[in-house]
Amino acid sequence: MDFELSADQVALQDGVRNFCEGRFTIDTVRRLEASGGIDRGLWTELAEMGVFSLRLPEDDGGVGLGWADAVLAFEELGRALVPGPLVWTQLAAGLVPGAATGETIVGGLDRDGEVALVEFPGAIDVLLVLDEHGAFRVDPRSVVLRSIDAPLDPLTPVAEVAGLLPRGDQLLDAEGATALRWQGAALTAGYLLGVSEASTDLAVAYSRERVQFDRPIAAFQALKHLMADMLVRTEVARGAVYAAGVTLDDPSVGSVERAVGSAKLTAAEAALGNTKTSVQIHGGMGYTWEVDAHLHLKRAYALEPQFGSRDEWAERIAELLDALVA
Amino acid sequence: MDLRYSESENEFRKELREWLAEVLPALPAKPGPHAWDERRAYDTGWQRMLFDAGYAGINWPTAYGGRGASLTEQLIYLEETTRAGAPYVGVNFVGLLHAGPTIMTEASEEQKAAHLPRILRGEEVWCQGFSEPGAGSDLASLSCRAVRDGDEYVVTGQKIWTSFAQVADYCELLVRTDPSSKHKGITWLICPMGLPGMEVRPLRTIVGSSEFSEVFFDDVRVPVTQRVGDENDGWRIAMVTFSFERGTSFISDLVETDRTIGELVKLARRVTRRSATAWDDVALRREVGHLQAEMDALWAMTKRNLAQADRNGVPGVGGSVMKLYYSELLQRLTDVAMRVLGRAGLSREDVGGLESGAFVEERLRSTSFTIAAGSSQIQRNIIAERILGLPKDR
Ligand SMILES: Cc1cc2nc3c(=O)[nH]c(=O)nc-3n(C[C@H](O)[C@H](O)[C@H](O)COP(=O)(O)OP(=O)(O)OC[C@H]3O[C@@H](n4cnc5c(N)ncnc54)[C@H](O)[C@@H]3O)c2cc1C
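Chains as they are written, first to last, in my numbering: chain H, 44 to 369; chain V, 437 to 830.
Calculated from the structure, these hints are not laboratory results. Where a beta carbon is used, it is the ideal one built from N, C-alpha and C, also for glycine. Among these hints, one or two may not hold up.
Unchecked claim - Below, a list of computed lysine to aspartate or glutamate pairs in the DMTMM-like style, where the Cα atoms sit at most 25 Å apart: (1) LYS702/V x GLU355/H; (2) LYS702/V x ASP244/H; (3) LYS828/V x GLU358/H.
Stated by the list, open to error - Now the stretches of chain H that chain V is said to cover, found in silico as 3 or more residues with beta-carbon under 8 Å: (4) 47 to 61; (5) 219 to 231; (6) 250 to 259; (7) 286 to 297; (8) 301 to 308; (9) 360 to 369.
Let's have the full structure, built from the sequences with the hints guiding it.
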């Protein structure tokens, strides 16, 4: 057993991080609001980075890596707050032609009991719909949508499905759809882990600069303890997120469902806890549009219900536990 | 990243499991909380069995008679022994996990030869005389005075919260040898218990038994040969020991916490209110599932810590994070258990046909986990200052 990143994994992490720092600065990300969260050119660059084709075999034009590598890449995307239906498109690679290369932007929605909102309605080429029977490919132009002017997250535009959602072409059976949900939970958890880290870094940096009562507010123990808890939540979630990736790659090491559930739940907890704390540490600045703290907070809230909310996973893990305990 | 156990690690687990299955059923009954002589005999007897089977000092290097197990094997050892309900390290704690490792790295050859083999065989019990009435979290402010008189130190002062003092043979004692310097005026002594002028007064704890004591020193003469390291270098030596404490020493508590979640499920299925069981309540199930998700994450983090410790020689950010998180998690868990118990929680003995007493006991016991070995507040200070690099308060 050696649960530490391999040299290749560190290189992958650095590669994606450097790419994001160069191409997805926070100014760039903010500018994407005007174009519905997506710029085709940048999307192609993400594809060229291998963000979507990462797990495809090399013979199919992929990189031949696994889920453990994919969650690392998504952690970096989350750190940079890269917008777009990244998780759905990555899940669709190999399933929907053009997803891996970035030509086809794939959005998605899980029909199970949720209000039917489509994210990035203006940008997606394909809508992947999951329900209890399987996964279906739907043409977004065939869906009647009611546009929404005020999304929670300015970088996650949404529209409401008005009327019936067309059935579309079936791509996967029920079992396949369940696997996608688990994989989606792991990738989303990776992204949320990155958001948790970014919001910690932001709060720590601000607290060192901001002076009140003649000292940096970082010296106040009340704030130090809040920031210590940010780090703690992040590190605990990191364990679960990486374990989820490893378990998806090799289910012999544990229950995949429990591993991805623990990852999604703790990463959402870390992201929400940290982004709220970051707003608080910024004081009045945290309440402004100008400071990035609100972007972290809104992304965390936007992703919490995706691929199983904390409540849903907590209940599911209790069921799994119930079955285990004699 | 690899979570698979190697063939030899699986083999190690299998052998240990077989050995535990063989010896545990034959163990005598666990003595009661107040029977201190019997408790010592029970814990040291178990230590002797470990020694004879080659499991004593699982983390000690083979040069000192230990098993020299890899960190993964240590994890397996702690996991298996805890799961199987093997005796806890008990009165051997300080000797095996604190004084022993300190002696290994800092003491003279004579001192090593005098103590290490005896600790391993369960022949010598140690206690830790660090905390004082005036020096808790701020340990370096300790004032128990040692004045050099020829080839002896004359020790006067008081220690407090000294666990197992009433059954110990030796005390790892921190004394003040230079009052003019805080950190650089402390010395580490091997103090035999029961020297003239020493008095041990047991204190009654929250669970009713006397797990720790006050120890008074009145002109107690300790030979200078009992000093470990140089005079006034005791703080550094004590810090070396703390780094051991924060590595793997909480793993069995973690495994125990994980096991307790399962026990809580069993309890909740049996507690009935009106016509439904507590487990029928979705709010409770969510809460328990939430705790389990956190526990799984913490366990995964622990494996990462070990991998980092293996590479770098020291545990990663993990030590403080793990201590802080599991101790607070355990308290939340036992809080939930108390809620499930309702009025059954009024008794520390099993009532209503439920296995309730252990939960009540654990709720009380777990209050100490966020205080001892660096309180939660101190852990947060460490994380803020040493990991996040935030400025000191003062
Ligand atoms: C069960 C148990 C067994 C023990 N066994 C031993 C033993 O064998 N040998 C031994 O030497 N000691 C032992 N201890 C003592 C233990 O190490 C101390 O209790 C611990 O260091 C805290 O010190 P204190 O009790 O004096 O509390 P204090 O230091 O007085 O703390 C009181 C409160 O103030 C807070 N506080 C203190 N400083 C700060 C700060 N800088 N910032 C924020 N908050 C702060 C603490 O978190 C705590 O909430 C044991 C304790 C317990 C509970």
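Verification of the supplied hints:
1. LYS702/V x GLU355/H: 22 Å, holds
2. LYS702/V x ASP244/H: 42 Å, violated
3. LYS828/V x GLU358/H: Violated - the C-alpha atoms of GLU358/H and LYS828/V are around 42 Å apart, more than 25 Å.
4. 47 to 61: holds (count 4)
5. 219 to 231: violated (count 0)
6. 250 to 259: holds (count 4)
7. 286 to 297: holds (count 8)
8. 301 to 308: It holds: at least three residues are needed, and the region 301 to 308 of chain H offers 6 whose Cβ sits within less than 8 Å of chain V.
9. 360 to 369: holds (count 7)
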